[in-house]
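Trainee: The lines below spell out each chain.
There are 2 protein chains.
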Amino acid sequence: MKRLIVDMDDVMADATGQFIHYYEKEFGIRIERSVLNGKDEGEGFPENHHVLREFPYRINFFRTMKVNENSQEVMEKLNRKYELFIVSAAMEFPQSLPEKLEWLNEHFPFLTWKQFVFCGSKAVVYGDYMIDDLPHNLEKFNGEKFLFTAPHNMHVNRFGRLNNWREVGERLL
Amino acid sequence: MKRLIVDMDDVMADATGQFIHYYEKEFGIRIERSVLNGKDEGEGFPENHHVLREFPYRINFFRTMKVNENSQEVMEKLNRKYELFIVSAAMEFPQSLPEKLEWLNEHFPFLTWKQFVFCGSKAVVYGDYMIDDLPHNLEKFNGEKFLFTAPHNMHVNRFGRLNNWREVGERLL
Numbered sequence: 030m031k032r033l034i035v036d037m038d039d040v041m042a043d044a045t046g047q048f049i050h051y052y053e054k055e056f057g058i059r060i061e062r063s064v065l066n067g068k069d070e071g072e073g074f075p076e077n078h079h080v081l082r083e084f085p086y087r088i089n090f091f092r093t094m095k096v097n098e099n100s101q102e103v104m105e106k107l108n109r110k111y112e113l114f115i116v117s118a119a120m121e122f123p124q125s126l127p128e129k130l131e132w133l134n135e136h137f138p139f140l141t142w143k144q145f146v147f148c149g150s151k152a153v154v155y156g157d158y159m160i161d162d163l164p165h166n167l168e169k170f171n172g173e174k175f176l177f178t179a180p181h182n183m184h185v186n187r188f189g190r191l192n193n194w195r196e197v198g199e200r201l202l
Numbered sequence: 030m031k032r033l034i035v036d037m038d039d040v041m042a043d044a045t046g047q048f049i050h051y052y053e054k055e056f057g058i059r060i061e062r063s064v065l066n067g068k069d070e071g072e073g074f075p076e077n078h079h080v081l082r083e084f085p086y087r088i089n090f091f092r093t094m095k096v097n098e099n100s101q102e103v104m105e106k107l108n109r110k111y112e113l114f115i116v117s118a119a120m121e122f123p124q125s126l127p128e129k130l131e132w133l134n135e136h137f138p139f140l141t142w143k144q145f146v147f148c149g150s151k152a153v154v155y156g157d158y159m160i161d162d163l164p165h166n167l168e169k170f171n172g173e174k175f176l177f178t179a180p181h182n183m184h185v186n187r188f189g190r191l192n193n194w195r196e197v198g199e200r201l202l
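Chains as they are written, first to last, in the numbering used here: chain D, 30 to 202; chain A, 30 to 202.
No lab work stands behind these hints: they were computed from the structure. Predicted, not measured: the structure shown is a model, and the values here were computed from it. Please note that a few of the clues may not be correct.
Restraint-style ranges between C-beta atoms, simulated for each label pair [what the hints assert, rightly or not]:
hint : chain 1 : residue 1 : chain 2 : residue 2 : range
1    : D       : ILE58     : A       : ASP69     : 50 to 60 Å
2    : D       : HIS165    : A       : PRO138    : 17 to 27 Å
3    : D       : PHE56     : A       : ARG59     : 58 to 68 Å
4    : A       : ASP69     : D       : HIS79     : 48 to 58 Å
5    : D       : PHE56     : A       : GLU55     : 47 to 57 Å
6    : A       : GLY189    : D       : PHE56     : 37 to 47 Å
7    : D       : HIS165    : A       : LYS31     : 18 to 28 Å
8    : A       : GLU102    : D       : HIS165    : 28 to 38 Å
9    : D       : HIS79     : A       : LEU202    : 53 to 63 Å
Interface residues of chain D toward chain A, partial, derived using beta-carbon atoms under 7 Å [as the list claims (entries may be wrong)]:
hint : residue
10   : PRO127
11   : PRO138
12   : PHE139
13   : PHE147
14   : TYR158
Capping the alpha-carbon separation at 20 Å, the derived lysine to aspartate or glutamate pairs in EDC-like fashion look like this [claimed, not checked]:
hint : chain 1 : residue 1 : chain 2 : residue 2
15   : A       : LYS143    : D       : GLU168
16   : D       : LYS143    : A       : GLU121
17   : D       : LYS143    : A       : GLU168
18   : D       : LYS169    : A       : ASP157
19   : D       : LYS169    : A       : GLU112
20   : A       : LYS31     : D       : GLU128
Glycine included, every Cβ here is placed at the ideal spot set by N, Cα and C.
In isolation and in its complexed conformation, chain D is listed as follows:
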C-alpha cells in the first residue's frame, strides 16, 4: 500500500476563505479571492495586513474553517486505497493543535488519530505522494509531489498541479 501525505490548510480546509471571512468581520471589507492570486499568504490584503498574522492565534480560527468541496468523499476513498496520513505544520500556533484535531474528528470521522501528524517542518516525514499548497513543503519531500491550487501559489509552475478535489480523485483513485 502506497503512502499518501495530505496537508490540511488550503487543501482539506478553506484557510484562504477563513482569512477573508475574518478580515471582513474586522474591517468591513470583502476581499475577492482573485485579488490574492500570485501573492504570498497575507500579502494580498490592501491594508492592516499585519492582522493576518494575528488571526491564526485567535480561538476557533482553525476550528471553524470550512471543509473544501468534495474533499470528504474523495478522502474516504483515498483512505481505502492508500496508507493515508494528514500532516499539518501546526506547531507555530499552539491553540491550533487541539482545534485541528477536533476539526478532523468532526469532518473526517473515518480517519483515526493514528493518521494525524502535527509538526513544525515536514522535512521529517516520508511517503510516496504528497499533496500540499506550499512549495517549500513539497521541496523537502522525496516522493511524487502535487501542488494543490491556492491563490498564493498561482504563479508556481514547477510541480504537478491539482486544482480541486475532483482532480485529486481523478489522479489518485
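Chain D is fixed; fit chain A onto it per the hints.
Mentor: Frame of chain D; chain A shown alone:
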C-alpha cells in the same frame, strides 16, 4: 548533518514517575519503580490500574512531568551536532498537545517549534537515529535504533540500549 529523532515520554520526561505520583495522590500507595520492571505500562500497579488510562486525560498530567536527569545538557549538545527532532505519539490525548508544547518550550528553550512532531504513529518519520522507550516505535524505524531504558522495557533485548542520558551523551556526542 545526521538526523536524530528523540521521544518525550519516558525519555526526555519522567512519565513513569508521573504515573507513580498520580497513583499515590489518588490511592495513598507509593509504588516503587522496581515493582514495574518488565510489566507493560500501567500493568504493574496492584489495583485500580484502570485509572492509569484516565490519568493522561487529566489537565496538567503532561505539563507537570519532571525532566529526566541530564537530558537538558545532553540535548543542548546533541542539538548542535544533529538535525534534531522531538517526535511524540501525542495524538491519543488531545489535551496533551498544547501541554507538551509548553513543556518543551519551558524545559528545552534552545529547541524551536520547527523541531517538534506530534503524531499518532511514528511510522511516518524517518532519520538516521531514533531514541525511544517503546519497542513498537523502534520497529517501524529504518535507521539505527536505541531503546531508552524504562521499567516496562526491562525484558526487551533486541535493541541497542541506552540506560540514561549520560549514556546517550557517551554514545552520540
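Trainee: Which of the listed hints are not met by the structure?
Mentor: 6, 9, 11, 12, 14, 20
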